[in-house]
Amino acid sequence: MENEQLLEVKKLQTYFTLRKWGFLRVGEVKAVDGVDFDLRRGEAVSVVGESGCGKSTLAKTILALEQPTGGQVYFNGKAIDITDKEHLEWYRSQVGYVQQDPYGALPPFMTVRRILEEPMVINGIKDHKERERRIYQVLEDLKMTPVKEFINKFPHMLSGGQQQRGVIARSKILEPSLLVADEPVSMLDPSVRVEILELLRKLQLDYNLGVIYITHDLSTVRYFSERIFVMYGGKLIEKGEVEDILANPSHPYTRALLEAISDPDPENVNTFKKVPPGEPPSLASPPPGCRFHPRCPDFIEGKCEKEVPPEYELGGEHKVSCWLYEKEG
Amino acid sequence: MNTQNDQFRVENLYLSFSTRRGTVQAVEDVTFTMNRGQTMVLVGESGCGKTSLGRAILRLLPRNVQDYRGKVFLNSQDIMKLSREKFRREIRWKKIAMVPQAAMNSLNPVIKVSEQVIEPLIKRGTGRERRKAMEKAREVFQLVGVPQDFLERYPFELSGGMRQRVILAMALITNPDLVILDEPTSALDLLTQANIMNVLKRIKQERGFTFILITHDIATSSELADLAGIMYAGQLVEFSRAYNLFREPFHPYSRKLMASVPSLQEKKELEYLPGQPPSLLEPPQTCRFLDRCPDSFERCEQEPPVIEVKEGHQVKCWLYK
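Respectively, the protein sequence lines represent chains A and B. Each step along the first sequence adds one to the number in this note's numbering, with nothing skipped, and position 272 is 418. Each step along the second sequence adds one to the number in this note's numbering, with nothing skipped, and position 6 is 30.
Calculated directly from the structure, the hints in this document are not laboratory data. Warning: the hint list may mix true and false statements.
[Unchecked claim] Derived lysine-lysine pairs resembling DSS-like cross-links, with alpha carbons at most 30 Å apart:
{"id": "1", "chain 1": "A", "residue 1": "K348", "chain 2": "B", "residue 2": "K292"}
{"id": "2", "chain 1": "A", "residue 1": "K166", "chain 2": "B", "residue 2": "K136"}
{"id": "3", "chain 1": "A", "residue 1": "K289", "chain 2": "B", "residue 2": "K280"}
{"id": "4", "chain 1": "B", "residue 1": "K291", "chain 2": "A", "residue 2": "K348"}
{"id": "5", "chain 1": "B", "residue 1": "K225", "chain 2": "A", "residue 2": "K420"}
{"id": "6", "chain 1": "A", "residue 1": "K420", "chain 2": "B", "residue 2": "K228"}
{"id": "7", "chain 1": "A", "residue 1": "K420", "chain 2": "B", "residue 2": "K160"}
{"id": "8", "chain 1": "B", "residue 1": "K292", "chain 2": "A", "residue 2": "K289"}
{"id": "9", "chain 1": "B", "residue 1": "K280", "chain 2": "A", "residue 2": "K419"}
{"id": "10", "chain 1": "A", "residue 1": "K289", "chain 2": "B", "residue 2": "K291"}
{"id": "11", "chain 1": "A", "residue 1": "K419", "chain 2": "B", "residue 2": "K160"}
{"id": "12", "chain 1": "A", "residue 1": "K419", "chain 2": "B", "residue 2": "K291"}
Owing to the predicted nature of the structure, the values given are computational and were not obtained by experimental measurement.
The task is simple: from the sequences and hints, build the whole structure.
In structure tokens, the structure reads:
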């Protein structure tokens, strides 16, 4: 029974308890606070936000590496149950994880072959020929050719870009239907970034993979995903198709983000950027109401600081959580 | 027109390190000139020698230096001729200051930021000299946009963007003739990054500071650049006014690099560079870009000369001979 939606995230919350002297509860860090979204089969979405907005925690909760405090993740229509070991094993084989730092993610004492073989051994692919075939296939997909040259190398013998391709190969080896990539290129040189992102895009299209691409770099998302989710203070504040959001950013925070990005244009020397004052909120004690209101240029008094804005639809997939759109919605 | 006196000029600067595996040629034959009040950005991939060039200008070198020569003119004085002690007393931090990479995490956590910022100014640390230094610290804090009461705080009480500004204040407090900024925004968030760039731009316009900005982020560097240099494998392959380089790069490497920068405004096909830069360990005597160059021909087997294609626009490539 194939399902249209590959992944459904419903009112997901992940809180971390702050303790004093190891046992006194003194508060909570609301890293993910009420996140809703769907991911279609074969679709790539980007989650964009600054550091500390909870985007990595969101990734880890989806990967079942963190226990959600509330809400539920459904994969292929099935609720993910983190306590059921067998179910979890199956889920982990269906979801690939591309880590941020390739050098830290690859064990330095294993060759590329062993790194790629290990997940298959664990998941009971006993046929040696089948394992070998998959390793060759995935390395060819990732343009690590000639495969014979790479297969016996250790991670330190590879360049940064090749290491990251190794990480992607490992996440792909069990033939998952979802990849979660947490800042896959932020540690790489700009000239290599595009290449890695294009490879990811190609994998996604060739194998009909769902991809969740977590990043702080808005300028690359246009090329590599269908939809953008903008995250701020533990919440998704704007969602929509890439072109809609870039052409018509609706949340004041999204506008500020787009404004802050430089284009490689020598005329920039003469203009200053508009940057909202202040810092992103602490997730241990977020401001009441809309999380962005202390920095917001379009702040409505008596409204924004009192109530959390609901989600308004702006047509199509475009949704925004902001009181400015109350009447239109 | 600017006189010689107002220029900062680097001529034929070489820097190499000796390692167990051979000589690493980090900086090779770099020549450029900039005027007071201008900002030059130095762009390149990691490992291309851009940080080494910055450190070579400031003589902050490790012990295994094999070859370090060339001329560096500051206010028409060749500072390479100065003795080590004289350089330390008169040039380093007084005339040329640096904001090193990831410096915001290197503030001493148990000393108040004011003490750390005034350190370059005080020799004995008591009495009148100290008070004057504090006065100056207040002034630079205002310049970089840090509230005055932050002077009495400890580094952990400040956010990343504020710490970066404190580091910047530390470099500016001696009113140097040249400030070298090594990746000043790469560890920061997007909005903070835009904020720091605004600060740099403002102090450049108001005070006429001269900056060398070392970065790999081409899009952000365009915010500040008057001049731009592209480094590849230890060599400065193209150098010109930023406007020309961003609009019409000549060197095949620069062209590829510019084409790989994603843009929000326009939809363009992104390109990338296949392959890797050559190892700086005993580099080949051909053009360094030969293996990856789409336009290479026989002549590229020899090292290309620096060619002036337009006034003030140097390219190190045989295509323009």
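To see whether the hints hold, each was checked on the structure:
{"no.": "1", "hint": "A:K348 / B:K292", "result": "18 Å, holds"}
{"no.": "2", "hint": "A:K166 / B:K136", "result": "27 Å, holds"}
{"no.": "3", "hint": "A:K289 / B:K280", "result": "20 Å, holds"}
{"no.": "4", "hint": "B:K291 / A:K348", "result": "19 Å, holds"}
{"no.": "5", "hint": "B:K225 / A:K420", "result": "13 Å, holds"}
{"no.": "6", "hint": "A:K420 / B:K228", "result": "18 Å, holds"}
{"no.": "7", "hint": "A:K420 / B:K160", "result": "29 Å, holds"}
{"no.": "8", "hint": "B:K292 / A:K289", "result": "24 Å, holds"}
{"no.": "9", "hint": "B:K280 / A:K419", "result": "28 Å, holds"}
{"no.": "10", "hint": "A:K289 / B:K291", "result": "26 Å, holds"}
{"no.": "11", "hint": "A:K419 / B:K160", "result": "28 Å, holds"}
{"no.": "12", "hint": "A:K419 / B:K291", "result": "22 Å, holds"}
Hint check: no violations occur; every hint is consistent with the structure.
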